[in-house]
Amino acid sequence: MRRFRRGQGQVIGLLGGSFNPAHDGHRHIGLEALRRLGLDWVWWLVSPQNPLKSAAEMAALPERVASAVSKARHPRMVVTAIESDLGTVYSAETLRRLVLLFPNQRFVWLMGADNLGQIARWRAWRSLYDRAAVAVFARAPYSGKALHGQAALTFRAARLPDAACRALARHKRPAWVFLRTRLHPASATAIRAAARVGVRSSQD
1 MRRFRRGQGQ
11 VIGLLGGSFN
21 PAHDGHRHIG
31 LEALRRLGLD
41 WVWWLVSPQN
51 PLKSAAEMAA
61 LPERVASAVS
71 KARHPRMVVT
81 AIESDLGTVY
91 SAETLRRLVL
101 LFPNQRFVWL
111 MGADNLGQIA
121 RWRAWRSLYD
131 RAAVAVFARA
141 PYSGKALHGQ
151 AALTFRAARL
161 PDAACRALAR
171 HKRPAWVFLR
181 TRLHPASATA
191 IRAAARVGVR
201 SSQD
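Mapping of the sequence shown onto the numbering used here: residues 1 to 204, in sequence order.
Hints should not be assumed to be uniformly reliable.
Claimed, not checked - Each pair of labels, with its calculated beta carbon distance range:
1) A124 x R159: 19 to 29 Å
2) S54 x A120: 12 to 22 Å
3) H148 x L52: 13 to 23 Å
By construction, these hints were calculated from the structure, which means they are not laboratory data.
Every residue, glycine too, gets a C-beta built ideally from N, C-alpha and C.
Using the sequences and the accompanying hints, generate a full structural model.
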């Protein structure tokens, strides 16, 4: 990641997650972010362990990194396990460290509507809005509830119209947008469930 310390004023989208496994829905968000937000890069931040998820069904980190690499497939999407290198567990701390490590870059936090609905459970979640612009992508069936949740209401005055999304990273923080895009049906939960069914079927 050293090359990014030398660059000046690049806009980098941060797509964090367990990627357990990565799927086409993650790639869809990455591509939409590049296209609509005018990003220079999208970093896929593969989390060593999401504190809100059970470790029981979590694949090993190298396996999940490989899964993300297989799905990213774009010259401006970079898969990294930098959280493991930094020793950070919580997104707020990861972002704080990234801002210190890459002071010349501007970051946009990328997430689906499902995470907008639960971000108020994250540690120091408000600091994410202070340190980066935030772009939320519609995801059924979570969008409606998320837009009436604690985070959306707390920062309702900071929400920008869709038409301003390309200027999001340059806007005074806090600033966020909710982007209605073509919905993608892929779900890591569904993929894992299907895999379990397949294993059981092969043993019958």
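Hint-by-hint comparison with the structure:
The given range of 19 to 29 Å is respected by A124 and R159, whose C-beta atoms sit roughly 21 Å from each other. As the Cβ distance of S54 to A120 is approximately 20 Å, the hint placing it in 12 to 22 Å holds. The hint said 13 to 23 Å for the Cβ distance between H148 and L52, and at roughly 21 Å that hint holds.
Violated hints are absent here; each numbered hint is respected by the structure.
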